[in-house]
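Protein chains: 2
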Amino acid sequence: MERRAKRYNELWVTEEQTSNMKLSLRINQILINKKSEYQDILLVETFEYGRMLILDGAIQIAERDEFCYSEMMAHIVLCAHPSPKRVLIVGGGDGGVLREVLRHKEVEKATLIDIDKEVINASKKYLPTISCAMDDPRADVQSMDALAYISSVSNEFDVAIIDSTDPVDFAAGLFEADFYSDVKRALKEDGMMLAQTESPFSDSNVVVGAFQEIKKVYPITSLCWGAMPTYPTGIWTYTIGSKKLDPSVPRCPAPEGTKYYTTEIHKAAFVLPPFLKKLLDKA
Amino acid sequence: MERRAKRYNELWVTEEQTSNMKLSLRINQILINKKSEYQDILLVETFEYGRMLILDGAIQIAERDEFCYSEMMAHIVLCAHPSPKRVLIVGGGDGGVLREVLRHKEVEKATLIDIDKEVINASKKYLPTISCAMDDPRADVQSMDALAYISSVSNEFDVAIIDSTDPVDFAAGLFEADFYSDVKRALKEDGMMLAQTESPFSDSNVVVGAFQEIKKVYPITSLCWGAMPTYPTGIWTYTIGSKKLDPSVPRCPAPEGTKYYTTEIHKAAFVLPPFLKKLLDKA
Chain H
1 MERRAKRYNE LWVTEEQTSN MKLSLRINQI LINKKSEYQD ILLVETFEYG RMLILDGAIQ
61 IAERDEFCYS EMMAHIVLCA HPSPKRVLIV GGGDGGVLRE VLRHKEVEKA TLIDIDKEVI
121 NASKKYLPTI SCAMDDPRAD VQSMDALAYI SSVSNEFDVA IIDSTDPVDF AAGLFEADFY
181 SDVKRALKED GMMLAQTESP FSDSNVVVGA FQEIKKVYPI TSLCWGAMPT YPTGIWTYTI
241 GSKKLDPSVP RCPAPEGTKY YTTEIHKAAF VLPPFLKKLL DKA
Chain U
1 MERRAKRYNE LWVTEEQTSN MKLSLRINQI LINKKSEYQD ILLVETFEYG RMLILDGAIQ
61 IAERDEFCYS EMMAHIVLCA HPSPKRVLIV GGGDGGVLRE VLRHKEVEKA TLIDIDKEVI
121 NASKKYLPTI SCAMDDPRAD VQSMDALAYI SSVSNEFDVA IIDSTDPVDF AAGLFEADFY
181 SDVKRALKED GMMLAQTESP FSDSNVVVGA FQEIKKVYPI TSLCWGAMPT YPTGIWTYTI
241 GSKKLDPSVP RCPAPEGTKY YTTEIHKAAF VLPPFLKKLL DKA
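As given, the protein sequences belong to chains H and U, one line each in that order. The first sequence begins at 1 in full-length UniProt numbering and counts up by one. The second sequence begins at 1 in full-length UniProt numbering and counts up by one.
Same shape as in the complex, but just chain H (with noise of 0.2 Å):
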């Protein structure tokens, strides 16, 4: 029998990020794997991102880049918005945004409504640098259907974030005008609201989707984007709704300790190239 060189076992995690495109990740451990009632969460441990959760097969955050997303979603709203002290969350659940509005010190509340409660105590447990700020006594952070929340409040907020999951299932109509709609009834007169809105490569039919839809609802309709490592192509859009102020202009200085944002940053986020002009030209 010949020798061979000792060799290891190797754990890789797989998500499908199109039926044509799969990026797969060598992973050290498992700390999560199970069904939550409303989706499958895991969360591991990956060599090249650190701690990573994945809900639905779908990778959600990762320890080493979330600062790109997390920061895009809070900053451009919050510094666009020359006051911003009420904010909404929907979704969002790991908390990483809740962290980088909470860096903003004008905020007096931030409300987080994520529908499952397991994908907080995950983020509480297992992920400290993203769910951090949960214990702020600014932090209001609920678990309910957030389709039912905003539907009974008006006039209360200045900003609101949708950090949803990908448009399928239960956060399908978190990109319907309907939902967009009840969201400006939740806003203030100067309010404004930021969605991720995916892909301009790989799911262009959501980002042109979910302008069309708020652009049905609000006066002021604008898109911006920015790199996210662990998102399908890498490159991430971010579409804003407000009701009377342009989002393109930061009005507020960023906060301290952003690892992306700059106020910098801001202005050149929402320059687009022609491919995705053409886009959004469609909606």
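Nothing false has been slipped in among the hints.
Which copy? The list can't say, so a pair holds if one copy fits it or any two copies do.
Each computed DSSO-like pair below joins lysine-lysine, with the alpha-carbon atoms no more than 27 Å apart:
{"no.": "1", "residue 1": "LYS188", "residue 2": "LYS109"}
{"no.": "2", "residue 1": "LYS267", "residue 2": "LYS277"}
{"no.": "3", "residue 1": "LYS282", "residue 2": "LYS259"}
{"no.": "4", "residue 1": "LYS267", "residue 2": "LYS278"}
{"no.": "5", "residue 1": "LYS278", "residue 2": "LYS105"}
{"no.": "6", "residue 1": "LYS278", "residue 2": "LYS259"}
{"no.": "7", "residue 1": "LYS34", "residue 2": "LYS22"}
Just so you know, the hints here were simulated from the structure itself, not pulled from any lab data. Owing to the predicted nature of the structure, the values given are computational and were not obtained by experimental measurement.
Position chain U relative to chain H; hints supplied.
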């Protein structure tokens, strides 16, 4: 025996982006799969990105997203230079960067030096939308060792573009100060060079290393970045060494027909997130 749904053959190609991360693409057909004198050449048709050239296992260029890379490689330096008449392209045997260079009407001659004639021929045969400018009378396409070519010329080019493969094997020398110094001698007194310098997430050591080496040689060293979906992490850096002029300032208008580059994108590409600035502080 139970009946089962009809199943289909699936062919996938996988790139090891790092030892801990892999991208897989479903393919329709294999057009070339051979060894040249220098490298393994694989040319496949993918469902997600159209036809794709892979060298030694690394994705080089794909029909559907190459515009992001080809345009940044060409237009940043060609638009920053006030009058680019003579252009050198090192590598880039697929012809994508050459096509973009020749969109500039003021370019009188573009010399492309790729070590591997078989890459040039593969692109001519199977990637017509990418290689289409090789027959332009202003194109001078040669297959030889760029290191040898460069050491024989001086004061000849306005702009040089280093479209190399990853810094391993025969391409490693293209990331060193000696080479950048030879390129400097080949440039005219207001000349500038741009090199692709990998991802700030997965290859931060290459980003820092190339910046250091270029800085040793050029009075002005500057880095910009952009989207590139089929490259690891989707974000790519481009580093410029300039003898006299600030490359972040666009001096010529964008050529017609671009899908990624505009004058505004030029300026935005030099706006760096703090994490990337911090990386360069090490250089």
